[in-house]
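2 protein chains.
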Amino acid sequence: MPDKSPKRLPGRPKQADTQISVQQTIILTASKLFKEYGYETVTLQQIGKRCNVSKPTIYYHFASKPELFKVAMITMFQNVRRVTSDFLDHAEHLEDGLIRLAEARLANPHAEVETMIREAEPFLEKNQIQEIREAEARIHEVLATHFQLAMDQQTLREDDPMFLAETFSTLMLMGNRENTTQKYESNLALGQRLVGIFLRGAKST
Amino acid sequence: MPDKSPKRLPGRPKQADTQISVQQTIILTASKLFKEYGYETVTLQQIGKRCNVSKPTIYYHFASKPELFKVAMITMFQNVRRVTSDFLDHAEHLEDGLIRLAEARLANPHAEVETMIREAEPFLEKNQIQEIREAEARIHEVLATHFQLAMDQQTLREDDPMFLAETFSTLMLMGNRENTTQKYESNLALGQRLVGIFLRGAKST
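If you read the protein sequences in the order shown, they are chains B and H. Position one of the first sequence corresponds to residue 14 (this note's numbering), numbered consecutively onward. Position one of the second sequence corresponds to residue 14 (this note's numbering), numbered consecutively onward.
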């Protein structure tokens with residue numbers, strides 16, 4: 014296993030800035046390893062080794078591997094939701110907010126997340142799966158709220174705002190393609206083009 | 014391993030209709046197993062067992078597992094390209110062709126294909142990877158040709174036709190989401206909505 018340092022999740026403060034608790038360290042490490050190697054391959058021992066924490070310490074914080082996986086996925090989705098809220102709430106226009114959001118999300122493509130969750134599902138309990146799916150849906154609810162607002166202001170045509178939210182999220186999977194940033198200069202440039210086509214398609218005129 | 018019968022690839026005739034050669038059977042079975050379990054997990058023995066072919070017979074047709082994987086991926090992409098051509102060449106309007114294409118592709122989402130190819134890459138030679146990527150790019154070339162035609166006729170705004178092709182392909186990953194057909198009635202209905210937003214976004218006015 015190559016020992017790359019874990020990627021910082023969007024919205025998560027730098028390790029240098031804050032004292033991250035043991036529990037958070039375990040969650041971050043688990044997220045990173047599950048994303049890289051899939052659910053089944055990764056053991057609690059590996060997770061512990063990677064973040065210098067003993068297996069009993071992991072069990073002190075998390076009842077089981079499925080439970081740790083659940084918390085790791087929910088934490089990741091909560092971070093994406095927080096970033097989504099931040100960008101859209103503080104943007105001058107919907108377009109600006111979506112472009113900034115696209116830039117961030119294209120840099121962290123989630124295509125493999127769906128594959129990973131599907132792989133893990135046979136090992137999870139029904140309510141664990143449901144909690145993960147709900148955390149994911151809440152990202153789309155934030156987007157949908159902003160799209161609904163734009164529809165109320167008649168800048169977007171009437172449509173199902175959750176459909177628009179899922180369509181926008183799907184477009185962000187462009188970040189998962191081969192050589193995307195080489196082809197499109199930067200995630201910002203690609204984000205601008207994707208948001209352009211998306212908003213023209215969703216506009217009221 | 015659950016013994017589900019392999020999904021028919023788009024554009025591929027039913028087994029009942031045609032006598033499929035041993036080589037084609039191996040390719041189809043390999044595609045199915047690699048997609049379901051990933052590159053590393055699947056052995057040539059499993060592939061042989063699933064399609065009642067001995068391991069020496071597989072080696073008679075394919076020099077190695079990486080070679081079989083390469084041919085399986087290229088065959089799959091060639092099928093998608095053929096379907097893409099058929100639908101777009103024979104459609105009355107670009108919109109009709111894209112909707113029919115979307116219906117077919119939403120039913121066979123390729124999100125896991127990218128994950129699988131990435132997983133396999135460390136085991137492949139450079140030229141094997143390149144051949145797979147070229148087969149994939151040829152799908153986008155077919156789409157791009159039709160988009161360029163529409164730009165020449167000024168029904169689409171001037172844009173990079175390969176960007177539009179990749180954007181369209183990315184939108185097809187909506188078929189990979191949880192409960193998509195439940196939420197959107199059918200792949201046809203979802204396809205119509207996605208093509209709608211895509212074409213309005215790409216249109217010249």
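Treat the hints with caution; some may be incorrect.
Distance condition first, Cα-Cα at most 27 Å in a straight line; then the derived DSS-like pairs of lysine-lysine [said to hold, decoys possible]:
1. B/LYS216 / H/LYS216
2. B/LYS216 / B/LYS139
3. H/LYS196 / B/LYS139
It should be emphasised that the hints constitute simulated quantities derived from the structure, not laboratory data. Note that this is a predicted model, so its numbers are computed, not measured.
Against the structure, the hints:
1. At most 27 Å may separate the alpha-carbon atoms for a hinted pair to count; B/LYS216 and H/LYS216 meet this at roughly 12 Å.
2. With a CA separation close to 39 Å, the supplied pair B/LYS216 and B/LYS139 exceeds the 27 Å bound.
3. The straight-line distance between the Cα atoms of H/LYS196 and B/LYS139 is roughly 20 Å, inside the 27 Å bound, and the hint therefore holds.
Hint 2 alone, counting from the list given before, is not met by this structure.
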